[in-house]
Amino acid sequence: MDTGNTAYVLGCAALVMLMTPGLAFFYGGMVRASSVLNMMMMSLVSLGVIGLVWVLVGFSLVFGDSHAGLVGGFEFAGLREVDLVVDGVPVQAFAMFQLMFAVITGALLSGAIADRARFWPWTLFVAGWTLVVYVPLAHWIFAFDGAVSEKGGWLANTLHALDFAGGTAVEIDSGASALALALVLGKRRGWPHEPMRPHNLPFVLLGAGLLWFGWFGFNAGSALAAGAVASNASVTTMTSAAAAVVAWLALEHRLDGRPTSLGGASAAVAGLVGITPACGYVDTFGALLIGVAAGVVCQLAIRLKYRLGYDDSLDVVAIHGVGGMVGLLLTGFVATDAVNPAGRDGLLYGGGFGLLGAQVVAILVAAGWAFAGSAGLAWLVRRTIGFRVPEHVETGGIDEAEHAESAYEYSPLRTRGSGPERNWT
Amino acid sequence: MMLVTAIVKPFALDDVRAGLERLDVAGMTVSEVTGYGRQRGHTEVYRGADYQMDFVPKVRIEIVVDDSVVEKTVDAVVQASRTGKIGDGKVWVVPLETVVRVRTGERGPDAL
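Keeping their order, the protein sequence lines are chains A and B. Position one of the first sequence corresponds to residue 1 (our numbering), numbered consecutively onward. Position one of the second sequence corresponds to residue 1001 (our numbering), numbered consecutively onward.
The hints are all genuine.
Label-pair distances were calculated between CB atoms; the ranges are:
#	chain 1	residue 1	chain 2	residue 2	range
1	A	Glu150	B	Asp1050	52 to 60 Å
2	A	Gly309	B	Gly1087	30 to 38 Å
3	B	Gly1035	A	Gly78	54 to 62 Å
Honestly, the hints are just simulated from the structure, not real lab data. Please read all numbers here as calculations on a predicted model, not as lab measurements. Virtual Cβ for every residue (Gly too), placed ideally from N, Cα, C.
Full structure from sequences and hints, please.
So this is what it looks like as structure tokens:
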């Protein structure tokens, strides 16, 4: 066993775990004050329910021995492989690292359906989504032949697409699933005519900061070894996020007249999304290019929802879906095996169109699978138990109706009334 | 001149404003208030402890208008904030002695 690498993977798992509470703040600040608790609860319960699904069967179905490159087996169900060590790192540590990826991806979807999803149907949906949508995609791209199991998934091993930390299974997956959810649940009452401005921008900035922090674990940690590849991924991650912030703010000033805090926070996430598939396969130049592209393209993509009329409330499609596509596509141009012998050369480094073609196929497969699977599942939830809150809950406040709580108590007037009492019978 | 005061549900405010704009009502004062009528409050639960919230958030709209448009103003407010459910609110009208525009010193209807 390699204790250094094991410590690194366990530490990165904890870093990535913090991204989900970070996302809760990022999203929570963007909604209205009457639905911030519901928004944050959708992330919290993802930690609960996806965590369970992952430990019980999820990890096994992704990293167990592959059936035709499509899905793993049940041999690791329950995660009791205390003695199993792969490349110097216990499989249990790797499983925890991967668990956090599944959790944050599920939590990401909730941004598309702010203010209007019932809590238990969401919980049920995201558990089912983990099995139906995330597990196969993650198997196809994350399970390498001869790593945890002998046979892995087809995108990584047959197509040889490059996705270092989850541009497909995490980013395009969440973006395409978010679009499906937004379409199945429909627009919020009053959108886009009524003002639905973010109620707490410092929350959004706090969340973006926590996401940026955790992303070093997410990206560099995907090297699964504390060495040169992880260090390069750390450099490219920082470079891309930094470039995206500067590019986004400059473009925003040009288009809207001011650089905004919401723009800056969104820019950081867009740059991190863009570099996610590329971080272990590109150098600083590639990262710079990807960061600038993500900052520009994602910002323009946000404007699409008003033109096309889908209420992707917190822009999961534009930032994660489009940002992931930008990253995967540009990897086909700027990947170089000089930074990582496990990589391939892209078009600009003399690798021809082979890698670029594989990246395009990976994008289409991830987007198509996630959209179709999520749309079907969301439709099923809607038809059976209902997914959306009634109209009076949407106007009166979803926190009060779904959770019997209110987030803020600034006026002592409202707290009047009887204090804590309970039927202790 | 009359002072029209309306206590309505917060989300009705936009519709009320739009309705009054069509009547050329020149301005309004809006404040966030809490209270209860027949609607009463709701219950919140914190770690199993029930809290009866007796007061419900509302918006108070105050408008000063000339006698000639009082009826239309009241109708517009009522129409814009009615959902038909308990808790839609109240509107009342009281006569005003005078109004002064601070900037010019104008008095009475000219100050509206």
